[in-house]
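6 protein chains.
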Amino acid sequence: MGTAKLWTDEEAAADPRVKAVFDDIRITRKSEFVNNFWRALASQPALLERTWTSIKQVMLAPGTLDPLTRELIYIAVSANNACTYCVHSHTAAARAKGMTNEQHGELLAIVGLAAETNALANALQVPVDAEFLVF
Amino acid sequence: MGTAKLWTDEEAAADPRVKAVFDDIRITRKSEFVNNFWRALASQPALLERTWTSIKQVMLAPGTLDPLTRELIYIAVSANNACTYCVHSHTAAARAKGMTNEQHGELLAIVGLAAETNALANALQVPVDAEFLVF
Amino acid sequence: MGTAKLWTDEEAAADPRVKAVFDDIRITRKSEFVNNFWRALASQPALLERTWTSIKQVMLAPGTLDPLTRELIYIAVSANNACTYCVHSHTAAARAKGMTNEQHGELLAIVGLAAETNALANALQVPVDAEFLVF
Amino acid sequence: MGTAKLWTDEEAAADPRVKAVFDDIRITRKSEFVNNFWRALASQPALLERTWTSIKQVMLAPGTLDPLTRELIYIAVSANNACTYCVHSHTAAARAKGMTNEQHGELLAIVGLAAETNALANALQVPVDAEFLVF
Amino acid sequence: MGTAKLWTDEEAAADPRVKAVFDDIRITRKSEFVNNFWRALASQPALLERTWTSIKQVMLAPGTLDPLTRELIYIAVSANNACTYCVHSHTAAARAKGMTNEQHGELLAIVGLAAETNALANALQVPVDAEFLVF
Amino acid sequence: MGTAKLWTDEEAAADPRVKAVFDDIRITRKSEFVNNFWRALASQPALLERTWTSIKQVMLAPGTLDPLTRELIYIAVSANNACTYCVHSHTAAARAKGMTNEQHGELLAIVGLAAETNALANALQVPVDAEFLVF
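Residue numbers (my numbering), protein chains in the order written: chain A, 234 to 368; chain B, 234 to 368; chain C, 234 to 368; chain D, 234 to 368; chain E, 234 to 368; chain F, 234 to 368.
Pulled out of the complex, with its shape left as it was, chain A reads as follows (with noise of 0.2 angstroms):
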């Protein structure tokens, strides 16, 4: 499976910019192991920059959600793109980060009540009440 090629680290390795990207992912994450979604990004190296430094700004750097609610978020979009690369990557990402199994039931809890409110609200297209019209 896959429409383009995983790199292998002799062929990043050619490469001066992704190069650069791989070894910022294993200094960053402290592990020298690049998951496939770097390896099929890495033909195309801007796009391979840009994503790279989104993902640590948005999910590393300092701010007032914890690295394990980012997670959870990430999961919860996840799932509702139907994204089986990013259904198990983050999921093993809040593990390694300390979701427990109590975290990940309450999780799915909202993830599945949330997509089905949402085909309700949806199918009977309820309008929006003035009091949540804040600006």
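There's no promise every hint is true.
Identical chains blur together in the list; that is why a pair holds if it fits in one copy or across any two.
Below are the SDA-like pairs computed for lysine to any residue, each with C-alpha atoms no more than 25 angstroms apart in a straight line [what the hints assert, rightly or not]:
| hint | residue 1 | residue 2 |
| --- | --- | --- |
| 1 | K252 | E265 |
| 2 | K238 | N334 |
| 3 | K252 | K263 |
| 4 | K289 | F266 |
| 5 | K238 | A326 |
| 6 | K263 | D362 |
| 7 | K289 | A279 |
| 8 | K289 | R250 |
Simulated from the structure, these hints should not be mistaken for lab results.
Start from chain A and add chains B, C, D, E and F according to the hints.
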């Protein structure tokens, strides 16, 4: 707009099942305000009861995720499902539970980036790494 | 709103291909009413013709599913695609074909529950049981 | 694949809440087969219980829509949400409830055409006709 | 996998309607290869005929958009709908029509960015500017 | 409508980061018009900056796809994500870049047909042909 009529309080008072849910919404939320989602669902008492019970269990019962985090996850799903009503109602709920402008910005950034990388992973059909398959 | 203009009957009358479709809509439905979807498509006669032909074949030709069941399925898809126009038009069509309040409520319950369990199965990435693979 | 482990019958037997749901699934369906969806949900007993209760109420309780029609609607939603598991399980369920090849073909035609016209109406942003606004 | 069987050439040869479509696919594409999408649709001859006719008209008939541009648009939609089969088949088709690695990269960048800003605009529920309402 | 306020030029002028982006939008587009998407994002300067930088790089930088083709792809994604704002803004942008009525019609036809065959392939769960697996 809307594919079902919005029940007034007078109409709700005339149906014991609908009245019981509306009363419980008011008691639970300590507010007289019953928003349009519940008024649109009132034509279907069994669905109204089940949905409200689920919302209470998933969004309000004690658990490991705090109430604001639950709302952030709800907004994330609703935005990806293009549910106008749900985005408005749950963003208002998140603000009522203390969501700051900084938290909203971080949520938006994650929701947008997740949608972007979901689209990329789906377009590339990236194979799931063996490392992510813990079961 | 709208990204294409809505053709009036006068404008439609001036284009033989558009006029032919509008005439056939009126004859087929035994009504003078031509709804906005067809007026917005009129700028693209080939697409207008093909779409109307498909609708007639899929929704109106004799078959094993009765006309109301077809509309219920149409609403289910439209709600999940957040198509405001389609939800309104096909809910109106279902009512015109006899959909009762009870049937609408059961439809809503299935649409909501399916969306919920879809999200759960996608979040859990449940492997398909061998028992379901009949081919 | 999968982001949660699939519980065996032995593991289920050791948790009274999970065992009770698995037992009820078997009694209700008059079959020993418990499909993977429930085995993946077993890690979350509260969610497992609530989801099974909803399925029984929505899909199996007496009502105005017959059991096969309910499955057709479920398939329609699942296909649009790209839920591999759900499409497989509910197509199998529909066949078990008597879905013929002709009915499957008509369902597919409606699901495809609805997705097409949803995309067209969303691309054209067609304004809703006043005639459809009955509330 | 699959919820309908894939027809072999022998089976197709026994049904005149299916045979006619398979023959036309081969003549039109100047290739013996008939891909699985058509083999899965063969159980439904009317749907098979209509879908192939639409594909020929929309993707192959002379027009103002060149064949490669049409495939790029097709991939964009398919990625956002998480259609594994469609992403694979239309990416292969685009490559066969000359898509370069640079073009694929630019397509991916647009598809990802559009998904991101769609999510942002839906989360912010940005009101449409009057300047965009030309009709 | 809207879940974030729309910044006026006066408010934007008071925040150096927001002012810099608004100035660059005006210089880049050679127009005084700053559309609501950017005004709604202004509450989140970091996200505003990153999103505008991405748009400039992906939609405006020299490349192998011409500017109009990029807009057509953007519209295709936006229609499938039911993003009202994005469909309006990018259809207006495509028209400003010369999109003809014929091109719009061909785009609509592809977007609709892709959505239809996506739904069919997902409902049929068609296995990917080995011929498409080039990596």
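Taking the hints in turn, this is what the structure says about them:
Taking the closest pair of Cα atoms, K252 and E265 come within 25 angstroms of each other only inside a single copy of the chain (13 angstroms); across copies the shortest separation is 42 angstroms, beyond that limit. Taking CA atoms no more than 25 angstroms apart as the test, K238 paired with N334 passes between copies only; the shortest distance there is 11 angstroms, against 35 angstroms inside one copy. When the C-alpha separation of K252 and K263 is checked against a cutoff of 25 angstroms, the pair qualifies only within one copy, where the shortest distance is 16 angstroms, while the shortest distance between copies is 38 angstroms. Only within a single protomer do K289 and F266 lie at most 25 angstroms apart by alpha-carbon distance; the minimum there is 16 angstroms, versus 32 angstroms between protomers.
Both within a single protomer and between protomers do K238 and A326 lie at most 25 angstroms apart by alpha-carbon distance, with minima of 24 angstroms and 17 angstroms respectively. Taking CA atoms no more than 25 angstroms apart as the test, K263 paired with D362 passes between copies only; the shortest distance there is 18 angstroms, against 48 angstroms inside one copy. For a Cα distance limit of 25 angstroms, the shortest separation of K289 from A279 qualifies both inside one copy, at 16 angstroms, and across copies, at 13 angstroms. For the homomeric pair K289 and R250, the shortest alpha-carbon distances inside one copy (17 angstroms) and between copies (21 angstroms) are both at most 25 angstroms.
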